Amino acid sequence: MKKILGLTVAALLVMALVGGGTWAYFSDTEASTDNSLTAGTLDLNIDGGNTAVTTFSVTDKAPGDSGNGSSTLANAGSLNGELDVTFSAITNTPGAGGTEYEGGSGELGANAEIAVYIDVDQSGDWSSGDIGLKSDGTTYNNPTALDYAAIDNYGSDSFDAVETIIASAADDFIILWRIPTTAGNDIQGDSVSFDITFTLEQAAAD
Amino acid sequence: MKKILGLTIAFLLIVSLSVIGAWAYFLDTETSTGNTLAAGTLDLSWTNESGVPLPFNVSSIAPGETVEARVSINNNGTLQLRYAMTTDVVSGTTLANQLQCRLYDYENSIDLYNGSLSGAHIGDPAQGQQAGDRIVAGGSEDYLAIRITLPADTGNEY
Numbered sequence: 001m002k003k004i005l006g007l008t009v010a011a012l013l014v015m016a017l018v019g020g021g022t023w024a025y026f027s028d029t030e031a032s033t034d035n036s037l038t039a040g041t042l043d044l045n046i047d048g049g050n051t052a053v054t055t056f057s058v059t060d061k062a063p064g065d066s067g068n069g070s071s072t073l074a075n076a077g078s079l080n081g082e083l084d085v086t087f088s089a090i091t092n093t094p095g096a097g098g099t100e101y102e103g104g105s106g107e108l109g110a111n112a113e114i115a116v117y118i119d120v121d122q123s124g125d126w127s128s129g130d131i132g133l134k135s136d137g138t139t140y141n142n143p144t145a146l147d148y149a150a151i152d153n154y155g156s157d158s159f160d161a162v163e164t165i166i167a168s169a170a171d172d173f174i175i176l177w178r179i180p181t182t183a184g185n186d187i188q189g190d191s192v193s194f195d196i197t198f199t200l201e202q203a204a205a206d
Numbered sequence: 001m002k003k004i005l006g007l008t009i010a011f012l013l014i015v016s017l018s019v020i021g022a023w024a025y026f027l028d029t030e031t032s033t034g035n036t037l038a039a040g041t042l043d044l045s046w047t048n049e050s051g052v053p054l055p056f057n058v059s060s061i062a063p064g065e066t067v068e069a070r071v072s073i074n075n076n077g078t079l080q081l082r083y084a085m086t087t088d089v090v091s092g093t094t095l096a097n098q099l100q101c102r103l104y105d106y107e108n109s110i111d112l113y114n115g116s117l118s119g120a121h122i123g124d125p126a127q128g129q130q131a132g133d134r135i136v137a138g139g140s141e142d143y144l145a146i147r148i149t150l151p152a153d154t155g156n157e158y
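In the order they appear, the protein sequences are chains A and B.
Going by the working numbering, 188 is the number at position 188 of the first sequence; the sequence numbering is gapless.
Going by the working numbering, 158 is the number at position 158 of the second sequence; the sequence numbering is gapless.
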């Protein structure tokens, strides 16, 4: 009686173990560890730093005079960026020194002219690959001749994605100015000033 | 049922976020401020320094007599200027031809002209640098003496 009971119990036990599931199958485990995600950096430097600069500031000029100024734009981050350029705050101030032809509302901005370009190869002159910024808000390339226009014509011009500056690369931003000999006494003592804002935006993903 | 609903909601959320746009992209801005171009000034004037004051108003000049005016030519502006001088005879050409004029820089004792009054001049008023043109720095002055003489041998016909 006991033996039959024991055998039955054993049989029942075996059956239960077989029906129980797959915990006896082979298995193997691997791990993917140290997964990490680091953000890149986007950092535009102007003349080597992150504070505002002045590209040119000259006084006591007359018809027939000309000159230029230059600022270096560098991508100091790890990501490529697209450069936007915006003109603003063009301000004309009349001469106030009291000499015969001073006064009016400030005519220098309508008479003095500038040509503006990105010196991509930093060669110091308008050459192949350089990008000109025209006063109508468009860009043009060398070998088209440099385009001079009255400073006032640059108004609040905004140039989007003028070029891509890759990480570690640098370009020079050049402003050439001149006062035509046709400018008359009404600009005596006048001054004109303006600001330029440069924005480096994350370049589109490949 | 709940599981399917949950998945659908999650999917819709993902789609709407990607449509919103580039507001989450990196950017950096720098500025170049106060770029300035200023013009100078050019302002010429003259003042009497000593001697007979200009404009001359001399009556009864006799042969052998001399009148002299000393003036400063002033540059009241900021830019260096260059000046010239010419003489226009309004009337009395005969007398103007007879009268002698000596123009000189009395500070440095330099003769600028010595001849008839009708031809008295300094430099050339045409645009540009010519021989005889005088330079005056901004804020400075040039000192000029104008000496007019009726020659002693002038006859009674004058």
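One or more of the hints may lead you astray.
Derived DEER-like restraints, expressed as beta-carbon distance ranges [to be verified]:
{"hint": "1", "chain 1": "A", "residue 1": "I166", "chain 2": "B", "residue 2": "A131", "range": "56 to 66 Å"}
{"hint": "2", "chain 1": "A", "residue 1": "S66", "chain 2": "B", "residue 2": "A84", "range": "23 to 33 Å"}
{"hint": "3", "chain 1": "A", "residue 1": "G155", "chain 2": "B", "residue 2": "N48", "range": "44 to 54 Å"}
{"hint": "4", "chain 1": "B", "residue 1": "G139", "chain 2": "A", "residue 2": "T91", "range": "41 to 51 Å"}
{"hint": "5", "chain 1": "A", "residue 1": "T51", "chain 2": "B", "residue 2": "Y143", "range": "33 to 43 Å"}
{"hint": "6", "chain 1": "A", "residue 1": "T51", "chain 2": "B", "residue 2": "G139", "range": "50 to 60 Å"}
{"hint": "7", "chain 1": "B", "residue 1": "P125", "chain 2": "A", "residue 2": "T139", "range": "17 to 27 Å"}
{"hint": "8", "chain 1": "B", "residue 1": "T94", "chain 2": "A", "residue 2": "N68", "range": "51 to 61 Å"}
Covered, in the sense of this in silico footprint (three residues per stretch, anywhere, with C-beta under 8 Å from a C-beta of chain A), are these stretches of chain B [as the list claims (entries may be wrong)]:
{"hint": "9", "stretch": "36 to 49"}
{"hint": "10", "stretch": "72 to 79"}
{"hint": "11", "stretch": "118 to 124"}
No wet-lab data here; the hints were simulated from the structure.
Being a predicted model, the structure only gives us computed values, none of them experimental.
By construction, the Cβ of each residue, glycine as well, lies at the ideal position given by its N, Cα and C atoms.
Taking the hints in turn, this is what the structure says about them:
1. A:I166 / B:A131: 56 to 66 Å: 59 Å, holds
2. A:S66 / B:A84: 23 to 33 Å: 26 Å, holds
3. A:G155 / B:N48: 44 to 54 Å: At roughly 50 Å between Cβ atoms, N48 (chain B) and G155 (chain A) fall inside 44 to 54 Å, so the hint holds.
4. B:G139 / A:T91: 41 to 51 Å: Hint violated: Cβ distance 27 Å, outside 41 to 51 Å.
5. A:T51 / B:Y143: 33 to 43 Å: 51 Å, violated
6. A:T51 / B:G139: 50 to 60 Å: 36 Å, violated
7. B:P125 / A:T139: 17 to 27 Å: At roughly 46 Å between Cβ atoms, T139 (chain A) and P125 (chain B) fall outside 17 to 27 Å, so the hint is violated.
8. B:T94 / A:N68: 51 to 61 Å: 59 Å, holds
9. 36 to 49: holds (count 8)
10. 72 to 79: holds (count 4)
11. 118 to 124: With 0 residues close enough to chain A, the hint is violated.
Violated hints, in rising order: 4, 5, 6, 7, 11; the structure is consistent with all others.
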